[in-house]
Amino acid sequence: MSDIVISVRDLTKCFGNFTAVDRISFDVRKGEIFGFLGANGAGKTTAMRMLCGLSYPTSGSGSVAGFDVMREGELIKRHIGYMSQRFSLYNDLTVWENMRLFAGIYGLSAKQTEERATELLNRLNFSSERNTLVGSLPLGWKQKLSFVIATIHRPEVVFLDEPTGGVDPVTRRQFWEMIYEAAEGGTTIFVTTHYMDEAEYCTRVSIMVDGEVRALDTPFRLKQQFAAESMDEVFRVLARGAKRGG
Amino acid sequence: MKQNFGSFVKKESLHILRDKRTMLVVMLIPVVLMILFGFAISTEVNNVNVAVVAPERTDGVRDAVEKLSQNEYFTFKGYISSDEIDLNLRSGKVGVVVVFASDYDRRVAQVKDGISTKPVIQLVVDASNVNTAGSATAYLQGVLLGSASQQAMFETRMLFNPQMKSAYNFVPGIMGLIFILVCAMMTSVSIVREKEVGTMEVLLVSPVRPVKIIFAKMIPYFVISCIVLVIILLLARYLLGVPMSGGVSGIFSLSLLYLLLSLSLGLLVSTIASTQIAALLVSAMVMMMPILMLSGMLFPIENLPKFFQVVSNIIPARWYIDAVRKMMIQGLPLVAVWKNGVILLGMTVMILAVSLKKFNDKLE
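Line by line, the protein sequences give chains A and B. Heads up: the first sequence runs through residues 1 to 246, numbered per this note's numbering. Heads up: the second sequence runs through residues 247 to 610, numbered per this note's numbering.
A couple of the hints might just be wrong.
Lysine-lysine pairs mimicking DSSO-like chemistry, simulated, CA-CA at most 27 Å apart [claimed, not checked]:
| no. | chain 1 | residue 1 | chain 2 | residue 2 |
| --- | --- | --- | --- | --- |
| 1 | B | K603 | B | K441 |
| 2 | B | K603 | B | K458 |
| 3 | B | K603 | A | K142 |
| 4 | A | K144 | B | K441 |
| 5 | B | K339 | B | K364 |
| 6 | A | K111 | B | K339 |
| 7 | B | K313 | B | K458 |
| 8 | A | K144 | A | K243 |
| 9 | B | K364 | B | K313 |
| 10 | A | K144 | A | K111 |
| 11 | B | K256 | A | K144 |
| 12 | B | K339 | A | K142 |
| 13 | B | K256 | B | K458 |
| 14 | B | K458 | B | K441 |
| 15 | B | K458 | B | K266 |
| 16 | A | K243 | A | K223 |
| 17 | A | K30 | A | K223 |
| 18 | A | K111 | B | K313 |
| 19 | A | K142 | A | K111 |
| 20 | A | K142 | B | K256 |
| 21 | B | K313 | B | K358 |
Simulated from the structure, these hints should not be mistaken for lab results.
Kindly produce the complete structure, drawing on both the sequences and the hints.
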């Protein structure tokens with residue numbers, strides 16, 4: 001297998017007459033940070049759900065971590081990590097209990113869990129909070145914890161759905177450092193965001209408008225192509241043509 | 247993937263154990279209800295004050311009064327004249343006045359000789375509380391007839407619950423209610439909470455099958471309900487003195503079936519409701535009210551209007567309460583209530599099938 005981790009060809013999802021995702025095609029390489037941008041209602045979430053094995057495409061084909069999105073949704077689930085835009089750890093469980101739960105879900109043994117948890121907590125400088133209830137942690141810490149827990153089983157791809165919503169700039173900065181670190185370790189990152197400065201951090205960026213991928217390249221070349229100063233401008237130019245309300 | 251099921255059950259148990267307040271409420275409610283219904287609230291005849299009007303205190307009258315005062319449920323308050331009846335009842339000094347005619351003894355004797363018709367004893371009853379009045383009258387008739395005349399006009403025997411203790415009656419009702427409360431309400435709220443908070447999303451992206459998530463949720467609540475069941479049975483037996491002559495195992499098995507049914511109901515509610523508040527409301531209004539009103543817990547089903555009698559057939563608690571009553575009080579074995587068991591089983595299968603289907607549809 002080559003180093004293509006996500007490969008999508010003409011992927012389409014219709015709900016009745018409404019085409020939420022319209023023949024999108026792209027490849028994501030191993031270790032890339034792939035920015036998946038689009039206004040609300042552009043079809044980002046639907047596309048991501050298909051890639052995560054949560055819903056079946058109406059037509060087209062695609063593979064994630066080597067598994068077919070049409071037929072092997074359950075296998076895909078085992079090889080990806082997912083962090084939702086809403087904070088989604090259990091507030092009434094401790095840091096360690098949350099880690100143990102998700103490690104258990106992904107089939108890690110007790111010994112593996114212990115090793116992996118210790119490693120991750122050390123990396124976060126979190127070892128002292130091991131038995132703290134997650135609910136009593138500040139939001140920034142929770143987000144970081146969510147991220148490491150999403151990677152506890154060393155997935156090949158991590159899907160991050162607007163991971164930095166509501167987080168202060170300093171923590172966002174730290175969060176992106178973690179993302180870089182993970183990407184350097186060979187994990188592919190697939191991230192959606194509304195922050196255009198974050199888009200600049202991505203290796204490559206795709207921008208969805210009205211269910212289609214309208215632009216896909218490195219931030220640098222996208223700016224060149226649209227003769228724009230920033231990604232924000234690129235996004236505005238593209239989103240202006242949107243027919244669907246956002 | 248056995249491991250992940252285990253981690254789920256562990257997680258659910260932790261949720262419940264961490265929530266000490268809810269835990270306490272769940273354990274205390276049955277105890278409080280049992281004590282409340284068992285002792286404080288009762289529709290049984292107890293300490294009814296009785297006065298007697300008798301122009302002549304003949305042997306027959308004295309005999310009847312003696313029977314009355316010996317009875318622990320009636321207190322004989324003395325003889326009064328017929329003008330005082332109204333005042334005594336109004337002031338609440340007595341609940342019932344027994345009026346003997348002056349020719350009472352003579353008539354009794356004549357009946358024996360076949361000359362006269364049966365004597366009539368008049369009961370003047372304070373019926374402001376219909377329940378008490380009804381049972382007091384019935385019981386008093388029994389006492390008086392049994393004593394006064396060998397020429398009994400009718401004979402009533404209160405089987406199984408001769409003193410008509412209401413505690414006996416309420417225990418099955420409480421059981422029918424409490425398991426819905428613990429199983430259905432708590433599971434539905436806990437499933438919906440995950441949807442509301444957003445953790446469900448992450449679980450769905452994980453390799454765990456949704457059905458497993460649900461069953462892992464049910465297990466701890468099932469265990470809690472079993473503990474509650476044991477508490478109720480112990481209280482019923484040793485605090486309220488309910489006989490349970492039919493054997494506890496039958497009651498237990500049927501209750502387990504009812505627990506499953508309640509859990510399935512909880513799952514069904516969780517597929518309908520999208521917020522915790524909605525789940526609570528649905529559980530309270532759609533499940534609790536019918537149980538209280540239509541299951542025979544408080545009011546006998548035979549007393550309901552025809553329409554509601556028909557409606558009561560679809561309420562699972564009705565069949566459960568009816569069966570438990572039979573086993574607990576009449577002492578019937580489990581086989582005797584097989585019909586109720588089959589109905590409950592059918593309902594469980596149906597509810598479970600519908601809710602699993604709805605649950606899976608929602609995911610797509």
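Satisfaction of hint between K313(B) and K111(A), Cα-Cα up to 27 Å
Between K111(A) and K313(B) the Cα gap is close to 79 Å, so the pair fails against 27 Å, i.e. violated.
Within 27 Å, alpha carbon to alpha carbon, are K243(A) and K223(A)?
Satisfied, since the Cα-Cα distance of roughly 23 Å is no more than 27 Å.
Run the distance test for K313(B) versus K358(B): straight-line Cα separation, threshold 27 Å.
holds, 21 Å
Given the hint that K603(B) pairs with K458(B), test it: the Cα-Cα distance must not exceed 27 Å.
holds, 14 Å
Are the Cα atoms of K339(B) and K364(B) separated by 27 Å or less?
violated, 30 Å
Does K111(A) sit within 27 Å of K144(A), going by the straight-line distance between their CA atoms?
Cα-Cα ~23 Å, so holds.
Under the criterion that the straight-line Cα-Cα distance not exceed 27 Å, is the pair K458(B), K266(B) satisfied?
holds, 25 Å
K111(A) and K339(B) were given as a pair; does the straight-line alpha-carbon distance stay at or below 27 Å?
violated, 78 Å
Agreement of K339(B) and K142(A) with the hint, judged by alpha carbon distance not exceeding 27 Å:
Cα-Cα ~70 Å, so violated.
Hinted pair, alpha-carbon criterion (27 Å max): K142(A), K256(B). Please report holds or violated.
Answer holds: K142(A) to K256(B) is near 22 Å, not above 27 Å.
Satisfaction of hint between K441(B) and K458(B), Cα-Cα up to 27 Å
This hinted pair holds, its Cα atoms lying about 16 Å apart.
Decide if the proposed pair is consistent with the structure: K30(A) and K223(A), CA atoms, cutoff 27 Å inclusive.
holds, 24 Å
Hints 3, 5, 6, 7, 8, 12 and 18 from the earlier list are contradicted by this structure; the remaining hints agree with it.
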